[in-house]
Amino acid sequence: MNRKRNKQLIKIIIALLLGIFSLFLFDMEVYKNLLYIIAYIVVGYDVVLKAIRNIFKGKYFDENFLMTVATIGAFCIGEFPEAVLVMLLYQVGELFQSYAVDKSRKSVANLMDIRPDYANVYREDEIYKVDPDEVNIGEIILVKPGEKIPLDGIVVEGESMLNTGFLTGETVPRKVNANDEVLSGYINNDGILKIKVSREFGESTVSKILDLVENASSRKSKSENFISKFAKYYTPIVVVLAVILAIIPPLVIKDALFSDWLYRALSFLVVSCPCALVISIPLSFFGGIGAASKMGVLIKGSNYLEALANTEIVACDKTGTLTEGVFQVQKIDAIHSDNNLLKYAAYAEVFSNHPISFSLKQAYNQKINEKLVTKTEEISGKGVRALVDGKEVLVGNEKLMREYNIKFKKSEESGTTVYVSIDNEFAGTILIADKIKDNSYKAIKLFKESIKKVVMLTGDCENISASVARALNLDEYHAELLPQDKVTLVEKLMMQKSTNGKLIFMGDGINDAPVLALSDIGVAMGGVGSDAAIEAADVVIMTDEPSRLSDSILIAKKTMRIVRQNIILAIAVKLGVLILSALGIASMWAAVFADVGVSILAIINALRILIIKKQF
Amino acid sequence: MKNYKFKIKNLDCANCANELEQSLRKINIIENVSINFMTQKLTFECTLENKNQALEKIRNIIKKENPDIKLEEG
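The listed protein sequences derive, respectively, from chains A and B.
Residue numbering for the first sequence follows my numbering, starting at 9 and increasing by one per position.
Residue numbering for the second sequence follows my numbering, starting at 159 and increasing by one per position.
Since the hints were derived computationally from the structure, they do not count as laboratory data.
What you were told as hints is all true, and nothing was included just to trick you.
In silico negatives: residues of chain B with every beta carbon more than 12 Å from chain A:
(1) I185
(2) N186
(3) N208
(4) Q211
(5) L213
(6) R217
When the alpha-carbon atoms are kept at most 27 Å apart in a straight line, the in silico DSS-like pairs for lysine-lysine are as follows:
(7) A:K240 - B:K199
(8) A:K228 - B:K160
(9) B:K163 - A:K216
(10) A:K237 - B:K184
(11) A:K230 - B:K165
(12) B:K165 - A:K65
(13) A:K216 - A:K137
(14) A:K12 - B:K165
(15) B:K163 - A:K12
(16) A:K216 - B:K209
(17) A:K111 - B:K167
(18) A:K183 - A:K443
(19) B:K167 - A:K228
(20) A:K450 - A:K510
(21) A:K216 - B:K199
(22) A:K19 - B:K167
Note that beta-carbon positions come from the ideal geometry of N, C-alpha and C, so glycine has one too.
Just chain B, same shape as in the assembly (with noise of 0.2 Å):
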């Protein structure tokens, strides 16, 4: 398991972060997902060859949820 931390671009509002939270909670092969409101900062562990997928998966959702929100490695 290794901790992940992303940026999150465009999240104005704190309850829009907290449905996104629960969201990001189904995804079977993450763990410990949180979103900061306060720092923007999306973090949450998987394995390393989960990564790639697990971004996927997580970019599907918020495109789904909220299209205004971007990502940004960091």
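Here chain A stands alone, though its shape is the one from the complex (with noise of 0.2 Å):
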């Protein structure tokens, strides 16, 4: 590409030079106009041979043969410096998007320049360093200060500051230390680590994402598309339309000279180039899309883009979208010995991945002997069966007591109560509570903003949730839903909206699959979310604040401003020119302009979207 553009620049400074010199042979016009040929067939002579090679495939309407047309024309009608002059300016206008193009398609490449090129690997009591994809689950691995970690996995030696900003655009470096979790694509800063590989290459964090990102391209925005059938149609009839001016005034009009008519048509035909307008379009949601992954956002496709600057409802579920997702064990009331009942909770929670398992298993604090642990049964919504040590245990919310017909003493505390019962006897309870994420509050008031309405919808209690909604001021809350309710709600919420408002889903967890795919956008948080989540959500956000996504919409926004910008601005100086050269005022080189000048002005307004501020 680069060995190209400065071959480019070169017959570009020729004919330039060509050019001057020849403005010094004042009255010598053979030899001026020799001059001026010589300058054409430097600067162009690709362009020509191209135009030749699409006449004999039947493709007219291609912009270099429109170029060679456009020019040859004005050489006939003996215009030989508009003739080179247009040639020229077409070449350096390609040249310079082209250098643009590039430069926006590194910016944003740099931002997603995640993958780790190699993994030092200890082998009998020696460091190789090989492939990332060679390295096996349970072998240890070296990473020195300055390297990107390979291979998600778990500290064994060593502690380092971490650069986590490539996944969560988080500036602030995190500590880790021995036992600690680490994934592929933070970078190490300080210290040396020693990490155990839990997952493969094809299966670590940085593999997915970058999977994530490459395949947003297939899916295209209704801009994008209207923008490529508009161009289909603009460039066939702007040349007919230049034949038309050619023939019919010159017959028509008195003393209309068939020259003067026939320049006005060659700039038609310059005019009716469509690259400018094709090219800004899908620049401009690269750009939209490179600057919310600088920000940690993933957004699948540029259709997602345009439809996050619609947003009129979003909804979300609240216990780790909202709320930290870390519950705590606050009072444990049992029957018999408090102790007992964490543990039989916790023996039977073992396997699950719900957050309130996590909070029992932490409280409990013990080895848990799995073994002892069979017939683990989620029920979605409620709770867990398992059998522990020979008891059927239940460990759940009020709706599994029920369920069992199990005899229990209601709680009164605000927080998540977890209800125990072992072999059919109620057990006792256990207070769980979850804390509001600070970032929550300032997401739902950037929401408030733009949005017409913010729901949360959760499986959680009544008064829990009540309290959650209302000091995030949120405009309505549903709970005790099972994951079909939301289904159903979200459906409901789907009719409230305008024709073109579009409805967010926000989520994580298994219970939120269905909900994601149905809504227009669903949102997964990548950190706590589950991998089924981030692959049916639109959107992931790598961190855990749900304000990225009030970031994300006004991105999606300014965007779709650029995109309409854009998109007038080329459509309206096209029209102008044809105007005025058909009026004969335009000159040729305003047609150039119309065509380069435009697609170049689009292409910088659209890097504009890569400056954007985090609001948070």
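Hey, can you piece these two chains together into the complex? The hints should help.
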């Protein structure tokens, strides 16, 4: 690409020098014209060659062909300097355009440049530098300061500060010690770390994210489809108009000069090139997706970016989305012995991924013998049933107790009350409380500025949900929902929005996958979210901050504004120049500007998207 | 149906990318063809047994439309 550009630059400079030199040959018309022709050949031969090749393929509306006809036409009516200049400007424009596109491609690619090239793996007490693909689970890798962590794993030795910015957009380094989990894509800032690999490269975070970003390309937005359709009709129509312009007026109008009208028609051909329109739109979306990924938000396609700009309703999950999702056992209320109650609860929940199970295990804080737990069954929206050491244990909410007809004492505490029964007998309650994320307050405040309605949908009980909804000043909340209830509610909410309005669902957890898929835009929280949710989602927030979604909506709006500006700019300038050249006011130079000048302006405008500040 | 992804080299104009994409849509054994000019990638879906045949058809169309373009695995 670079060598090609240098070659172009040299050609342009030579042609320019020849043109300037010809100005000194004041009255030697023949030599002057000869110089012009040489300059034209130098700068435009590749365009002419491509044009000839396209004629044989029956492609008459290709821009090389249009440029060639326009400039050779100009030679025919004796406008030698004009022909050279038009070709020269066209090439300058193309060069600049290719440079700008490359530049933006690189700046976005840099944001996504997280693929690790190698891993230092210990094998038979020696360190080998291998492809991350070749490292197996359980092997120990060494990560030196400044290196990327190539695979997901657990730190076994050493401590360090990690830069997690590539995955999370976070600027503050994260401290890790032995036994901490680290993800591929983090960069090791200072210490030396020995890491035990827990996932193969293909399953590691970095591969998943790259996969996600690269596959984002296949989904195109309405604006992109509109513009490619527009281009399909625009060029032929303008070319037909040009032909009419060259033939009809000289026949109809008295004293009309054929060469004069031909000149106007040739300007039409120059304006008919569609590239200025076509390039600026995907470039703008590309910039928007890049800007979002810089903040740790991955958008899976430009259609979703477009949809984000029209968000009307935000529905979100509570646990792990608006709240920390870190539950801590606050109080144990046992019929018999506190420790026994906690032990059975922790055992029964040992295989569960639900946040509640983590806090039970955390509070129990002893090694769990998994062999004692059998027949585990997760009852969605209710809890868990398991056989622990031969005893049937139920751990869950009131609904679970009712389902199994267990007499229990209802708790009046604010928080999540976990009811436990052992062998069909109520054993007590464990109170677990969660905390609202600091970031949620900001996020909801930001949402309210531009969005009709923020709704919380949760499986959690009424009194906790009410207090969270009140604290965050939400428009609406629905509590004690089962996954299927969430689906029905989201369907209802979908009816409340306007035709172009979009509904976002933001959540995590296994239970959310159906609603993520159902809503216009499903947003998953990457940090705590499950793999299923990330797969079903259209937008993934790598950090756990809901305010990143409001940032993304801002980026989407800015992108759409720029897309609209670019479409209007390109169409208006082209139409304007068409009218002016039909009237004989605009020269061919103006026509070249309408083509390449506008596309350059549109590109520069699109690059503005990359300059965006985080709100928080 | 599997998703395939190829790098495209020497694709230097946005409208050419659109035109090529439209021509490739006419191939009936592949679906969801998309050319992304910004990332210079071609993506399409087809069944495993049709992959080679589809690739050959794609290469033929590219050769006809824009012989400068090269497809690369990855």
